[in-house]
Amino acid sequence: MKASNISIQNLKLWYGDNEALHGINLEIADKQVTSFIGPSGCGKSTLLRCLNRMNDHISSCSIEGAITIGGKDIYAPEVDVVQLRTHVGMVFQKPNPFPKSIYENIAYAPRIHGIANKGAAMDELVESALRRASLWDEVKDKIHEPGTALSGGQQQRLCIARTIAVKPEVILMDEPCSALDPIASAKIEELIDELKEEFTIIIVTHSMQQAARVSDSTAFFYMGDLIEFGDTEMIFTKPGNQRTEDYITGRFG
Amino acid sequence: MEHTLKRFDEELEELKNLILAMGGMVERAIADAIESMLTQNVELATQTVERDKAINALEVQCDELTRAMLVRRQPAAGDLRLIMAIIKLVTDLERMGDLAAGIAKGMIRAQDNPPRNFSNIEVMGEKVVRQVNRALDAFSRGDIDLAMKVIKKDSGIDEFYKRMYREMITYMMEDPRMISNAIILTNVGKNLERISDHATNIAEMVIYSKLGHDIRHVDHDAAKVILAGDLKNKNKTNSEG
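From first to last, the protein sequence lines are chains A and B. Read in the working numbering, the first sequence has 224 at position 224, and its numbers run on one by one without any break. Read in the working numbering, the second sequence has 1155 at position 155, and its numbers run on one by one without any break.
Hints were generated in silico from the structure; no laboratory data involved. Take the hints with a grain of salt, since some may be wrong.
Beyond 12 Å from chain A on every Cβ pair, some chain B residues (computed) [said to hold, decoys possible]:
id, residue
1, E1002
2, E1014
3, G1024
4, R1073
5, R1109
6, D1143
7, G1156
8, P1176
9, S1180
10, I1183
11, T1186
12, L1211
13, R1216
14, D1219
15, H1220
16, K1224
Which stretches of chain A does chain B cover? Using the computed rule of at least three CB atoms under 8 Å from a CB of chain B, they are [unchecked claim]:
id, stretch
17, 204-212
18, 236-244
Note that the structure is a prediction, hence the values are computed from the model and not measured. Just so it is clear, CB atoms sit at the ideal spot from N, CA and C, and this is done for glycine as well.
Bound conformation, chain A alone:
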């Protein structure tokens, strides 16, 4: 396993009085794909959202423990959350492009963060992000048309392009293919495979086959606990824990 970039230490999380994560310890390797699996309500999406502090938006949510990314505590008081999210990007279940042109979808964040401004530098950045998201060839002739006019799978790749345009280190994906047909899903999976050369990717998925296909490591969660974490091939052929076995073989409750 490669060196760990993200370290989660004894992380507990409450929604009001309800403890949703019971002390998670997890080291996530750099430039690999890690998948989080588990039944609904197991805490996998909650944990994913801790990694770029999306849970900050929920007022009843409180956490204990620590998450460090690249050695830095992301919950330290001096951390600028907006800045954090440029390092830890996120792609959601439902493709959510801005109601703007394809070009503007990509250009918006780099402009705000001062990564590029306009003109040739920005054009280059937009093209490069779209190319890396395997979308360029499909949209290069209509780059000023609305992003929302694209197909679902293209919209999702546009969202991925938008995420990588600000050059994050980590990309979080929360069920990125659940709204897509198998071909669009396969394109996203192919893209994930290419992107892991440059980024650390964490994907939450309900599709066990998808977890088996795309990820190097798999973490199985159940009722707010991390039950098992390991090499994906091992998890799917010879899991160490009976609950993991029951879940991935479809023997759950």
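With the hints as your guide, set chain B onto chain A.
Using the frame of chain A, we list chain B on its own:
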């Protein structure tokens, strides 16, 4: 625990039953082939050859079911290992059937000039039938210890065959008229020895299916070392449960 999908459980049960039915037919074929040789019973030998077709048909039926299950259920973990094991051991069973039929065919061919001294074949036959029986029991019960016993006993059968082979050579050297008889008996021994090898393959697949360890192509003692850790954990969980 049962699968949420009941049909999956039914299919797994059906598959195991097919294997056991096939195993039962193979056991019988081996025993009958040896018996036909010992008693020079042409009718039994003919039946044994004829029944091999049914074993072959079961192999095809098992393959059809496993293929459908791979497509439909996309099995993982223990289910995947069991189905992998079955895909492999079905081939072993089919080969064992062929080897038994081979013994019966040898009997039919040599009926006009049968070999006389069958003591080696009788002893080896009993050993091999027991090996096959143990391998199938190990599969049916998921019994690791029994599977390990099959693997351990196989070397004894190899030894027995080597001794028998040397003995046959001495007969052939003493009296050239013994050559054809000795060759027939040596072939029977070779078939039995190979049947035991296939039983060993089945035992290895039982261990793979239950524990996830591939112990093919290592000797019995090395396999024991590989399994030692797992068996300790397993006993611990059993005593806790």
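For each hint, the structure was consulted:
no.: 1; hint: E1002; verdict: violated, 6 Å
no.: 2; hint: E1014; verdict: holds, 17 Å
no.: 3; hint: G1024; verdict: holds, 28 Å
no.: 4; hint: R1073; verdict: violated, 8 Å
no.: 5; hint: R1109; verdict: holds, 47 Å
no.: 6; hint: D1143; verdict: holds, 19 Å
no.: 7; hint: G1156; verdict: holds, 31 Å
no.: 8; hint: P1176; verdict: holds, 57 Å
no.: 9; hint: S1180; verdict: holds, 51 Å
no.: 10; hint: I1183; verdict: holds, 46 Å
no.: 11; hint: T1186; verdict: holds, 42 Å
no.: 12; hint: L1211; verdict: violated, 8 Å
no.: 13; hint: R1216; verdict: holds, 16 Å
no.: 14; hint: D1219; verdict: holds, 23 Å
no.: 15; hint: H1220; verdict: holds, 22 Å
no.: 16; hint: K1224; verdict: holds, 19 Å
no.: 17; hint: 204-212; verdict: holds (count 3)
no.: 18; hint: 236-244; verdict: holds (count 5)
This entry does not satisfy hints 1, 4 and 12, going by the numbered hints stated previously.
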